[in-house]
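Please put together the full structure from these sequences, using the hints given.
For the record, the sequence lines run as chains E and S. Heads up: the first sequence begins at 1 in the numbering used here, then just goes up one per residue. Heads up: the second sequence begins at 1 in the numbering used here, then just goes up one per residue.
These are calculated hints, taken from the structure and not from any lab test. Predicted, not measured: the structure shown is a model, and the values here were computed from it. Where is the CB? At the ideal position from N, CA and C, for every residue including glycine.
Selected chain S positions facing chain E (in silico; Cβ < 10 Å):
(1) E55
(2) H67
(3) G112
(4) L119
Number of protein chains: 2
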Amino acid sequence: VLGSAAGGGFPQWNCGCPNCVRARTDGASGHRRTQESVAISADGDEWFLLNASPEIRAQIESFEGLHPRAPRHSPISGIVLTNGDMDHVLGLLSLRESHPLFIYATDAVRRGFSEKNVLYRTLQRFPGQVTWVHLSFGRKTHLALASGKPSGLTVTPVAVPGKPPVHLEGVAPATDEEGIGLLVQREATDETTQKTLAYFSSFGALTPEMEAVMRSADCVFADGTFWSNDELLRLGLGTKRAEDMAHAPVGGSGGTLQRLASMPGRRLFIHINNTNPMLFPDSAEAAEVRNAGVEVAHDGLEFTL
Amino acid sequence: VLGSAAGGGFPQWNCGCPNCVRARTDGASGHRRTQESVAISADGDEWFLLNASPEIRAQIESFEGLHPRAPRHSPISGIVLTNGDMDHVLGLLSLRESHPLFIYATDAVRRGFSEKNVLYRTLQRFPGQVTWVHLSFGRKTHLALASGKPSGLTVTPVAVPGKPPVHLEGVAPATDEEGIGLLVQREATDETTQKTLAYFSSFGALTPEMEAVMRSADCVFADGTFWSNDELLRLGLGTKRAEDMAHAPVGGSGGTLQRLASMPGRRLFIHINNTNPMLFPDSAEAAEVRNAGVEVAHDGLEFTL
Chain E
1 VLGSAAGGGF PQWNCGCPNC VRARTDGASG HRRTQESVAI SADGDEWFLL NASPEIRAQI
61 ESFEGLHPRA PRHSPISGIV LTNGDMDHVL GLLSLRESHP LFIYATDAVR RGFSEKNVLY
121 RTLQRFPGQV TWVHLSFGRK THLALASGKP SGLTVTPVAV PGKPPVHLEG VAPATDEEGI
181 GLLVQREATD ETTQKTLAYF SSFGALTPEM EAVMRSADCV FADGTFWSND ELLRLGLGTK
241 RAEDMAHAPV GGSGGTLQRL ASMPGRRLFI HINNTNPMLF PDSAEAAEVR NAGVEVAHDG
301 LEFTL
Chain S
1 VLGSAAGGGF PQWNCGCPNC VRARTDGASG HRRTQESVAI SADGDEWFLL NASPEIRAQI
61 ESFEGLHPRA PRHSPISGIV LTNGDMDHVL GLLSLRESHP LFIYATDAVR RGFSEKNVLY
121 RTLQRFPGQV TWVHLSFGRK THLALASGKP SGLTVTPVAV PGKPPVHLEG VAPATDEEGI
181 GLLVQREATD ETTQKTLAYF SSFGALTPEM EAVMRSADCV FADGTFWSND ELLRLGLGTK
241 RAEDMAHAPV GGSGGTLQRL ASMPGRRLFI HINNTNPMLF PDSAEAAEVR NAGVEVAHDG
301 LEFTL
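Structure, rendered in structure tokens:
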């Protein structure tokens, strides 16, 4: 886990809410979080990023597996985008130094980032700087190594209730491809058994199809943005409800935590907003998460399935 | 000094040059640098940023003076852009959370960032989210506090030999306003005397006008991108010379260091590329800089004039 916070990170630059104040004054205890991104690998040698956060440079430096091993090199073989939100795509513009990028995204996300965006020209410095690989619902796509060989990992996009990024509202009609979840599969080899990861870092509701994918997975990452629907309103920090931003709340009756509680695999919340009380392990909400056998992801978390 | 590195930072994500390898393995010694940005203040209470680096979130968190003091607040009263390069503007998109921004820039830089850029819509969430203040050569401009009152600081743009950002090459004809230097003045009050800062973090050559401004200043920040003109070629890391990228080299006969050596004020190099040997204090180049009475800026450096 390179980053586990929602857009804006934790603490957020212009936020002095009780959570952000505590994170700043209690900084050594590891509450701080950069914006959501996860690195996955089948062999521990070549890696794929799920989303490209604005803080991608620091995130790459934070994990030795992502460091270059030659004068011009990166072990990052590709980047999978789950939606076109600023906190998921802005980091692509920080990967502009003459390195071929392989980006896996739906057509809607590709167009949202690469069209009408003069900044994207920084990734058009030479032919082939960016190769877009098209993702579509239900189609299993192999993630390829830089050499072109299969990585042993596949991703299968799953439809999630979402919405276009704020900066694209009104630019083009919303499609059903604005946001996706991912079923990530590690193909079985002689030495390994197949392992699966359900990556759903952003969703407005939990559909039966999503729930079936989650139930089948060895590990689930789920949208942990808000604890409650009216979190920003109660803190006086905003006028939007969680549902207005296409994030299903974690807590309460019918919340995501209740739905995750009965699932069999390892389950973690990610993309956690700075206002979410579960960010602090000593909160009642964090205890509720633990008691359900679910984890709150944090930056620097590493594990093998 | 919030950040002292050139675009890409130090180390750079896909660079395994000797400098970057040493920075990664010798990480505790403070060689690492984020991308160039400086915060200035007349009163230590309200602040202005010179440039908005992609790493702005971590930079804000790194310096207590920039932390919010209310549930929704920022002591950053404005941001001055010296050119439209990605490493100077990308951070603006990370300041999108419903906070009014005052951005000081030339017309060329404003247009380059705000036109044909769909991502800019993230800063158009409410009327008045961004106020652009027009900078033009030789015209002294007051930096205003959020309250509208004068901050006590003024900036006067100075022409520098520059070029358009890589991503804008070929988009519009280059103007003479692509890059500027800044004469920053702290107006004299009863308790203080006037102080001046010459901020020239990027220039292709040192003109007599620039040199006169630098000589008059209490403190000078100068372009420290490359030590030598053929630095990238000799390391096998690129095909461009320093001059192709509009950066005058620091070292050698006629280099910026020779020109700075005889100036009276405090003098620092900033915007230092990952390949520059002066990044390490034990290098011959760093010794040459010190012997000339000049400093190599580093992240976290704080001083009062």
